[in-house]
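Q: Residue numbers (this note's numbering), protein chains in the order written: chain Z, 1 to 386; chain P, 1001 to 1366; chain R, 2001 to 2171.
Note that these hints are calculated values from the structure, not bench results.
Do not rely on the hints blindly, as some may be mistaken.
[What the hints assert, rightly or not] Pairs of lysine to aspartate or glutamate residues, derived as EDC-like cross-links and limited to a Cα-Cα distance of at most 16 Å, are as follows: (1) R:K2108 to Z:E196; (2) Z:K24 to P:E1042; (3) R:K2033 to P:D1111; (4) R:K2033 to P:E1042; (5) R:K2033 to P:D1103; (6) R:K2004 to Z:E196; (7) Z:K156 to R:D2081; (8) R:K2058 to R:D2081; (9) R:K2004 to Z:D320.
[Said to hold, decoys possible] Examples of chain R residues toward chain Z, derived with CB under 7 Å: (10) G2010; (11) I2013; (12) F2030; (13) S2035; (14) P2068; (15) E2074; (16) V2100; (17) D2103; (18) V2115; (19) P2123; (20) M2125; (21) V2141; (22) S2151; (23) I2159.
[Stated by the list, open to error] Have a look at the derived ranges for each label pair, beta carbon to beta carbon: (24) Z:D320 to P:D1231: 58 to 66 Å; (25) P:D1136 to Z:D44: 31 to 39 Å; (26) Z:K43 to R:S2043: 53 to 61 Å; (27) Z:D230 to P:N1210: 46 to 54 Å; (28) Z:G39 to R:V2018: 44 to 52 Å; (29) P:K1204 to R:K2063: 27 to 35 Å; (30) R:K2144 to P:Y1114: 56 to 64 Å; (31) R:D2025 to P:R1132: 49 to 57 Å.
We treat Cβ as the ideally placed atom computed from N, Cα and C, and that holds for glycine.
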Amino acid sequence: MKNRVAIVGAGMTLFRRRMLESPKELSFEATRMALDSAGLELKDIESVVSGSAPDAFDGMHMKGEYLLDGTGGIGKPNQRVYVGGGTGVFTPIGGWWNVASGMYDTCLCVAEEKMSPLHPHPQYAFWSIFDQILERPLGTTLLWIFSLEMRRYMHKYGIKEEEIASVAVKNKGNAVDHPCAQLGAKITVEDVMNSEPICWPVKRLDVSPPSDGAAAIVLASEKVAKKLTDQPVWLDGVGWTLDSTHWTNRDLAYPEYVEKAAWMAYKMAGIKKPRKEIDIAEVYDPFDYKELHHMEGLQLAGKGEAPQMAVDGVTQRDGDLPVCPSGGLLGVGNPIAAAGMMKICEVFWQLRGEAGKRQVKKDARTGLAQAWGDLMQVGTVAVMRS
Amino acid sequence: MTPGLSTRELMFEAASRSYEDAGVDPRKEVQSFICCTEDFWEGISITDEYMPDQLGAVLKPLCTISSDGIIGLATAYMHIMSGIADVAVVESHSKISDVLNPDEISSFALDPIYDHHVNADPRFVAGLEMTRYLKDTGTKREYCAQVAVKNKKNGLLNPRGVHGASLDKDAVLNSKVASSPLTELESSKAIDGSIVFVLASAQKAKKLGNNTIWINGIGWSSDTPWIEDRDMARAAYAEQSAARAYKMAGVRNPATYFDLAEVDDTYSYKELQSLEALKLAAKGKAGKMVESGTFDRDGRLPVNASGGSLGVGHLLEATGLHRMLEAVLQLRGQAGRLQIPKVKKAVVQSWRGIPTATGAVAVLGN
Amino acid sequence: MSQKITSYPGHEITPEDVKGGKYLDVVYKFEPKYSWAAGVAISRFLAELKEGRIIARKCMNCKRILVPPRMYCEQCFRPTDEWVHIKDTGTINTYSISHVGTDARRLKTPILVAVVDLDGATPGMGILHNLGEVEPSKIKVDMKVKAVWKSPSERQGSITDIRYFKPIGAE
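Full structure from sequences and hints, please.
A: Right, here's the structure in full:
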C-alpha cells in the first residue's frame, strides 16, 4: 500500500429519536469533537468527506451541499459519498482514498443523519428505494425485505427466533454503558419474543429505531499521524461491494456481497484467517438477525453457525470474539449514516483502551467495522489496527 | 429526450460503447465503479441500488459520489493512485425527461428555513449572481448575450446536442426573462444522456492502446452553502479548484498555456465568470474578449467549441463529464466537424448548478 | 465513547414540545413528480401482464432465463437475446406477514408478501408479490403457488394486474 492511513481523532453526538439541532449543527458538534480529540483546527484539514443517507429524510435536494458549513467543508475539496446504509463505514473509506492516494495528508470524515423531519414517520422515505414500476405499487415497506430475508435465513439453517433474540438482548444490554445510547436497556429473550409482530418474523424489539445523530473522525497520513499522537489507529484494510439490483433473483440466506467486501479489506490488511485474527467486530445490526447473517458473510462464523456462537456467549464483551460491544444500532440507535460511523469510532476507542465500561476483556489489537445497505446489496468493511 | 429507454437501458448503451472503446471487460478488468447521481433527479432514494447491473458491476465495488461528474473522475483518480484499482469507471447521466416538475426539485436544494420560502423560479439565484457580477466587473450586458450567440452557433455542429441555433444578440436579449437580467436563451436547457468514462493507471493505459488522454491535474472545491454570504461576483469554487489543478499539472500561465477550454456555461454570464476564475481572462475582461472573438472556434483560445450547455443541452450532474468528453475527443483528433486543429492541452471546468457553489477543474493533455 | 470525554452534545426534544410551540418548526410538503420511462424490457413485461401472461428474457451465453426481463445480462455483460413466455405458477422462496403500512401505521388486515420463484425461469429467479387466499399460519417456504389475475377489463399493464399468488394442490 502506498501511504498508510491512521485515525487520529473521533467524536459523536447523542443519538436520539428527535434532536433540536439542525443537520448542520449536528455535523458541527461531531466534527468539533473529532478535531479537538485529534488536537487539530479546521485549517489543518485538507479535504472533507461527508456521508448522509437518503435526502428524503430531510426533504432536501443535494443535502451534501447544504451540510457544507457544518462539516467544515467551505473552501475545501468535498465529496459526499453515498451507498445507502453502508455509508457510515464507507465515509471513512472515502477519507482513506483521499489520504492513501497521496492527494491529501489530512481528511475529516463526517457522517450525519436527521431522520425526524419526515412526517408521519421516517420509515416512509424507504418506500422510495423500491422499484417504481414493479415493486412500489404493492405497498412496499423496508421491513418487507428484512423480514423476507430473516425468514429465508431461518428456514435454510433451521434457526430459531429465540437464538436470534439473544442478539437484541446482548446489544441493548451493552448499550447501557454507552453515554450516547438511545435504547440501552436490560431486557430478556422473553421480552423480545413477546414484543408485537411488525412484519413477522420481525418483532418490535428485533428492530433498531430511527434516530438523529452525527459522528466524525479525522484521518491523517503516516507522517502526520506520528506527530499528532502516539496512539494512531491504522486503517489497514478497506473493502466494498455492490450486488445486483434484482434482489428477488438472489438467495437471501447468505450475504455474498459482505463476503466479497470483507475479502477485499482482509487482503489489503494481510489477514488470512479472519476468525482468528480479528479481535473485535462492530457488525452492522439494524435487526438482530442481521448481526448473525453478517458475521457469516464476514467469515467470522461458518454458514448457519453464528447463532450458536451468540447463544454460547462467544460474542459477549468478555467472550472470545466480542461483537458490537458498543451496543450496536439496536442499542445505541440508527441514524443511518452516523450509525456506521459510530461503529468506526467504537473500534477506534476500543483499540486505544479508551472505551471505559464497554472495554472488552481481551487485549484487542485488530478490529473490524462493517455496514450494509440498499436492497440487500452493499457491504462496506474497514479493518483497523492499533 | 429518450422516453423509449429506461435510465438503466440508456446507461447500458453508454457503458457498452465506452468499454468497447477502451477495450476492457468490466466483469474481469475493472476494480472500481463510480456513479455521480442525486436521488431527487432520479425519483429513487439510494440510487446506487439501480446502478450495478447495467455497468457490469454486479458483486464489484461500486459507489455513488453525490456530486458533479468531474468530482467522480477525481475519485477514480484517487482510487487508482491509492492502488485499490488499476482500472476505474465513472458514470453519470441525466434523465430529465422522467422528471415532471424539475423547478420544484431545484427549489428544494435551497435552505429550507431561510431561502425556500421564495416562491419563484429557482433561477432567481442566478439572477442575483448575474446582477452582482455585471456591476462588480463592469461587464456590458450584451457581452453575456454574445456568449449565448457563440455557443449556440457552435452547437449547430455538434451531433450530440439539440439546442444549437443561429441567433444574434438582440434575439437573445429580447427573449423571455427567466429571472432578470437573465433571459431564457441565456439559460441552458436540460436533456437526457448517459456518459461513461474508463480510467486506468499509467501502466495499464500503455497496454490498452494509443488513444490515451492524461489527467495532469484535477481539483475540486466548495464555497459557502449560504447564498447570502457569497461574493457573488466571483466563482470562488472555480478559483480554488483551478489553483489546485494547475499546481498539480505545473501550469504557471493559464492564460497562454491551453489550446482549448470547456468551461461552465449553464447561464451565459457563468462562462465569463468562470473564465476569469480560471485566469483565462483577467478580472472584468472576459466579456470584451468574447465580444472580440478571442474565444471563438477560430480565435486564440476556443472556449466551448462544442457548443457547451447552451448549445448542446445541460446534463445535470453529468455536465462535467459531457465537457470532458468534448475535450477528450478534441485531444484525440476525433471531434469530426467540431475539430479544432492541434489541440494538445485542454482545461475543463464544471459547476453543480444552483444553488450550490461547488465545482471542479481538470487539466488534460495527450 | 472515549472515557476521556465527559459530556456529549445534543438536545432531545419530543413531538409534544414542537406541537406546543416550545420549538419553532417549518412545515412544507414536497411533491416531486416523475413519469418514469419503463424502457424496452419492462414496457413489454407490462404489456404482457395486461394479456395475462408473464414474459422473460433469455441470455444465450449463460443460458439463464431472466425475470423481471432485462435487455442486458448483468453477469455476462452483453445484450440478452430472446423473449420467452414463462408460467404464472411458482414456489415460495420466502414470505412475511406485515402488520404495518408504508408509513409505519398499523394495518387492520396484515399484508402477506413473498418472493415467488417462477416456473419456467432459471431456478431462483423470483419476483416480489402478495399472497392471498391462504391462512398466514399455513404459509410455508417451498409452497407451490399460482397467480390470481384481475379480469381482462380490469388489467392496466401493471404489476397489480396479478392480484396475488395463492397456494395450489396439497400442501
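Q: Determine for every hint whether it applies to the structure shown.
A: Here is how each hint holds up against the structure:
A distance of roughly 14 Å separates the Cα atoms of K2108 of chain R and E196 of chain Z; the hinted pair therefore holds under the 16 Å criterion. Pair hint K24 of chain Z plus E1042 of chain P does not hold up; C-alpha atoms about 25 Å apart against a cutoff of 16 Å. Straight-line distance between C-alpha atoms of K2033 of chain R and D1111 of chain P comes to about 21 Å, which puts the hinted pair past the 16 Å bound. In summary, the hint linking K2033 of chain R to E1042 of chain P is supported, as the alpha carbons are separated by about 10 Å, within the 16 Å threshold.
Distance hint between K2033 of chain R and D1103 of chain P is fulfilled; the C-alpha atoms sit about 11 Å from each other, no more than 16 Å. About 39 Å separates the Cα atoms of K2004 of chain R and E196 of chain Z, which puts this hinted pair outside 16 Å; it is violated. Pair hint K156 of chain Z plus D2081 of chain R does not hold up; C-alpha atoms about 34 Å apart against a cutoff of 16 Å. Between K2058 of chain R and D2081 of chain R, the direct Cα distance comes to roughly 6 Å. Compliance with the 16 Å bound is thereby established for this hinted pair.
Taking the CA atoms of K2004 of chain R and D320 of chain Z, the gap is near 26 Å; set against the 16 Å cutoff, the hint is violated. With its C-beta approaching chain Z no nearer than about 3 Å, G2010 of chain R sits inside the 7 Å limit, and its interface hint holds. Nearest Cβ of chain Z to the Cβ of I2013 of chain R: about 5 Å, under the 7 Å cut. The hint holds. With 7 Å as the threshold, the beta carbon of F2030 of chain R comes within range of chain Z, its nearest partner Cβ sitting at about 5 Å, so the hint holds.
Below 7 Å, beta-carbon pairs count as interface contacts, and S2035 of chain R has none with chain Z, the closest being about 10 Å; its hint is therefore violated. For P2068 of chain R, the interface hint holds, since its Cβ comes within 7 Å of a Cβ in chain Z; the closest pair sits about 6 Å apart. For E2074 of chain R, the interface hint holds, since its Cβ comes within 7 Å of a Cβ in chain Z; the closest pair sits about 6 Å apart. Here the hint on V2100 of chain R is kept, as its CB sits about 5 Å from the closest CB of chain Z, short of 7 Å.
For D2103 of chain R, the suggested interface contact is upheld, since its CB lies about 4 Å from the closest CB of chain Z, less than 7 Å. Because the closest C-beta pair between V2115 of chain R and chain Z is about 5 Å apart, less than 7 Å, the hint holds. Because the smallest distance between the Cβ of P2123 of chain R and any Cβ of chain Z comes to about 10 Å, over 7 Å, the interface hint for this residue is violated. Checking M2125 of chain R against chain Z by beta carbon gives a least distance of about 5 Å; that is within 7 Å, so the hint holds.
The interface hint given for V2141 of chain R holds, since its Cβ lies 5 Å from the closest Cβ of chain Z, which is under the 7 Å cut-off. At its closest, the beta carbon of S2151 of chain R sits 18 Å from a beta carbon of chain Z; the interface hint therefore is violated under the 7 Å criterion. Given hint, I2159 of chain R at the interface with chain Z, holds; its Cβ is 5 Å from that chain's nearest Cβ, closer than 7 Å. At roughly 59 Å, the beta carbons of D320 of chain Z and D1231 of chain P sit within the given window of 58 to 66 Å.
Checking the proposed 31 to 39 Å range against D1136 of chain P and D44 of chain Z shows it holds: the Cβ atoms sit about 33 Å from each other. Checked against the hint of 53 to 61 Å, the pair K43 of chain Z and S2043 of chain R passes, with Cβ atoms roughly 55 Å apart. Range check, D230 of chain Z to N1210 of chain P: about 51 Å between beta-carbon atoms, so the 46 to 54 Å window is met. Taken as a hint, the range 44 to 52 Å is violated for the pair G39 of chain Z and V2018 of chain R, whose Cβ atoms sit roughly 38 Å apart.
Against the hinted window of 27 to 35 Å, the Cβ-Cβ separation of K1204 of chain P and K2063 of chain R comes to about 32 Å, which satisfies the hint. In this structure, K2144 of chain R and Y1114 of chain P meet the distance hint of 56 to 64 Å, their C-beta atoms being roughly 59 Å apart. Roughly 32 Å separates the CB atoms of D2025 of chain R and R1132 of chain P, a value that falls outside the hinted 49 to 57 Å.
In the structure shown, a violation is registered for the earlier hints numbered 2, 3, 6, 7, 9, 13, 19, 22, 28, 31, in ascending order.
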